[in-house]
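*Asks:* Listed below, chain by chain, are the residues.
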Amino acid sequence: MKKQTKIEIWVGLFVLMSLMALASIAFQVSNFSEWKERPTYRVSALFDNIGGLKVRAPLKLSGVVIGRVTGIEIDPVSFKARVNMAIDQSFNQLPVDSSLSILTSGLLGDQYVGLEPGGDEEVLKPGDEIEMTQSAIVLEDLIGQFLVKLSDSE
Amino acid sequence: MSRPLSGAQTLLQGLGATLLDKLAAFGRGFLLMLSLVVAMPAAVLRVDLLFKQVYVTGVLSLPIILTAGLFVGMVLSLQGYNILVDFNAEEAVGSMTALSLLRELGPVVGALLFAGRAGSAMTAEIGLMRSTEQISALEMMAIDPIKFVYAPRFLAAIITLPLLIIMFNALGVFGGYLVSVSWLGVDAGAFWSQMTSQVDWNEDVVNGMIKSVVFAVLVAIIALFQGVNAIPTSEGVSSATTRTVVHSSLGILGFDFILTSIMFN
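In the order they appear, the protein sequences are chains L and G.
Residue 50 in my numbering sits at position 50 of the first sequence, and the numbers go up by one each step.
Residue 159 in my numbering sits at position 159 of the second sequence, and the numbers go up by one each step.
In short, the hints are calculated from the structure, not lab data.
Just so you know, not all the hints are guaranteed correct.
[Said to hold, decoys possible] In silico DMTMM-like pairs for lysine to aspartate or glutamate, Cα to Cα no more than 20 Å straight-line:
(1) L:54 / G:203
(2) L:6 / G:200
(3) L:60 / L:140
(4) G:52 / L:110
(5) L:60 / L:129
(6) L:3 / G:203
(7) L:60 / L:131
(8) L:60 / G:200
(9) L:54 / L:140
(10) L:54 / G:200
(11) L:149 / L:129
(12) L:125 / L:88
(13) L:54 / L:88
(14) L:125 / L:97
(15) L:54 / L:75
(16) L:2 / G:48
(17) L:60 / L:128
(18) G:52 / G:203
(19) L:80 / L:131
(20) L:60 / L:97
(21) L:80 / L:8
[Stated by the list, open to error] Chain G stretches covered by chain L per the calculated footprint, using a threshold of three residues with CB under 8 Å from any CB of chain L:
(22) 43-57
(23) 159-170
(24) 185-198
Just so you know, even glycine gets a beta-carbon here, dropped at the ideal spot from N, CA and C.
Kindly produce the complete structure, drawing on both the sequences and the hints.
*Replies:* Following this line, the structure appears as structure tokens:
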């Protein structure tokens, strides 16, 4: 076999192997498969306290991820935290009186937004604001309340 | 000046001369890089030369990179498991291994190995080509050594190092899987699902690849510069080879800190 041919075969093999490695990293290791652009619609909600919620945190309905947090900002009028979310277009039948709460996955896990569907006939439309929200449970506040109760009962 | 210089003056002069030397070397390195960038089209056009260099720098570095990747991944997950098992969080060993490989260890260890394996060879080859006057012979025949010798090596390093590091990472994750799932009995489903939920494509994978490209440019330019500026004796070539490994290793670690502080803040 000619030397140049041998080199070319090896280089081809090299590139093929690295592409396979890249594919395995993309699909098995990272969240690349979630990145295919699916149509979404945006809703927002005001929270008293978002705790440790971060951008790109999941929005879950019955434990299933149906959207993501796209932005967190302070509402200039009410000084509450405004959380913007993008919900997958395939979940466009959510009742308009659904409620949101900020929950924690596991004891030490990340925080996510949980959606509890309401009973209204009307459905959420793009740009809607979800009225009923429940803040994140802040562990320090909880301990504080517990201590107050403890001292009251004595 | 007829008056002999005093001790302090010679010291000062030595300091100034060293500094000017170093600055001049930096300037020559930068000019070399500019001429290499200009010569890139020529390197792309001579595919046969490029393939030869991809073979020499990439394919021949495969054994060391793959073995190192496997063992680094295995050792990472073993250490991680021993710590995480105390908190009943051994499922997180997958995401820990993958994140540390993709963000730091893959690019840095891969580039260090590459500097030792391919960078030193590049310097030695070019230094010897100069000492045996092959470069001068090319110039005599009006063949530009930058286009014909240096640019293919430069481009080959920039192509191969990121690819090698991708393979290093993939094999490292596989090594982590072997140790934690097959050996230590971590649940396979939790291992992979924790990993995919923690590892972000843009944040972790792409940033790691940007790092590897920066390191490739760094190693290639240092290796070529030391080869071109090597004193054309056997001693000069050997010390130039040593300098390539030392300078690129330090450069890799320094640039890694800078890039990390920019990317992951």
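*Asks:* Are the hints correct? Go through all of them and say.
*Replies:* For each hint, the structure was consulted:
1. In summary, the hint linking residue 54 of chain L to residue 203 of chain G is supported, as the alpha carbons are separated by about 14 Å, within the 20 Å threshold.
2. With a C-alpha separation of about 38 Å, the suggested pairing of residue 6 of chain L with residue 200 of chain G is violated against the 20 Å cut-off.
3. For the given pair, residue 60 of chain L sits about 25 Å from residue 140 of chain L by alpha-carbon distance, which is inconsistent with the 20 Å threshold.
4. For the proposed pair residue 52 of chain G and residue 110 of chain L, the alpha carbon gap of about 49 Å is over 20 Å, so the pair is violated.
5. Distance restraint check for residue 60 of chain L and residue 129 of chain L: the Cα-Cα separation of roughly 17 Å lies within the 20 Å cut-off, and the hinted pair is therefore satisfied.
6. Proximity of residue 3 of chain L to residue 203 of chain G is assessed by CA-CA distance (about 42 Å); at most 20 Å being required, the pair is judged violated.
7. Straight-line distance between C-alpha atoms of residue 60 of chain L and residue 131 of chain L comes to about 17 Å, which keeps the hinted pair within the 20 Å bound.
8. Of the pairs offered as hints, the one joining residue 60 of chain L and residue 200 of chain G holds, with about 19 Å between alpha carbons and a cut-off of 20 Å not exceeded.
9. Among the hinted pairs, residue 54 of chain L with residue 140 of chain L is consistent with the structure: their alpha-carbon atoms are about 19 Å apart, no more than 20 Å.
10. The hinted pair formed by residue 54 of chain L and residue 200 of chain G meets the criterion: a straight-line CA distance of about 14 Å does not exceed 20 Å.
11. For the proposed pair residue 149 of chain L and residue 129 of chain L, the alpha carbon gap of about 36 Å is over 20 Å, so the pair is violated.
12. For the hint pairing residue 125 of chain L with residue 88 of chain L, the CA-to-CA distance comes to about 12 Å; that is within 20 Å, so the pair holds.
13. A threshold of 20 Å between alpha carbons decides the hint, and for residue 54 of chain L with residue 88 of chain L the separation of about 19 Å falls inside it, so the pair holds.
14. Taking the CA atoms of residue 125 of chain L and residue 97 of chain L, the gap is near 12 Å; set against the 20 Å cutoff, the hint holds.
15. Simply put, residue 54 of chain L and residue 75 of chain L have alpha-carbon atoms about 17 Å apart, close enough for the 20 Å limit, and the pair holds.
16. Proposed proximity of residue 2 of chain L and residue 48 of chain G is supported: the alpha carbons are some 13 Å apart, at most 20 Å.
17. Restraint check: the Cα-Cα separation between residue 60 of chain L and residue 128 of chain L comes to about 18 Å, which is no more than 20 Å; the hinted pair holds.
18. The straight-line distance between the Cα atoms of residue 52 of chain G and residue 203 of chain G is roughly 34 Å, outside the 20 Å bound, and the hint therefore fails.
19. A threshold of 20 Å between alpha carbons decides the hint, and for residue 80 of chain L with residue 131 of chain L the separation of about 13 Å falls inside it, so the pair holds.
20. Using a Cα cut-off of 20 Å, the hinted pair residue 60 of chain L and residue 97 of chain L holds, with the two alpha carbons roughly 16 Å apart.
21. In summary, the hint linking residue 80 of chain L to residue 8 of chain L is not supported, as the alpha carbons are separated by about 62 Å, beyond the 20 Å threshold.
22. A count of 5 residues in the region 43-57 of chain G with a Cβ less than 8 Å from any Cβ of chain L is obtained; the coverage claim is therefore met, three being the minimum.
23. Given a C-beta distance limit of less than 8 Å, the hint that chain L covers the region 159-170 of chain G holds, as 7 residues qualify and 3 suffice.
24. Coverage of the region 185-198 of chain G by chain L holds [criterion: at least 3 residues with CB-CB distance below 8 Å; count 4].
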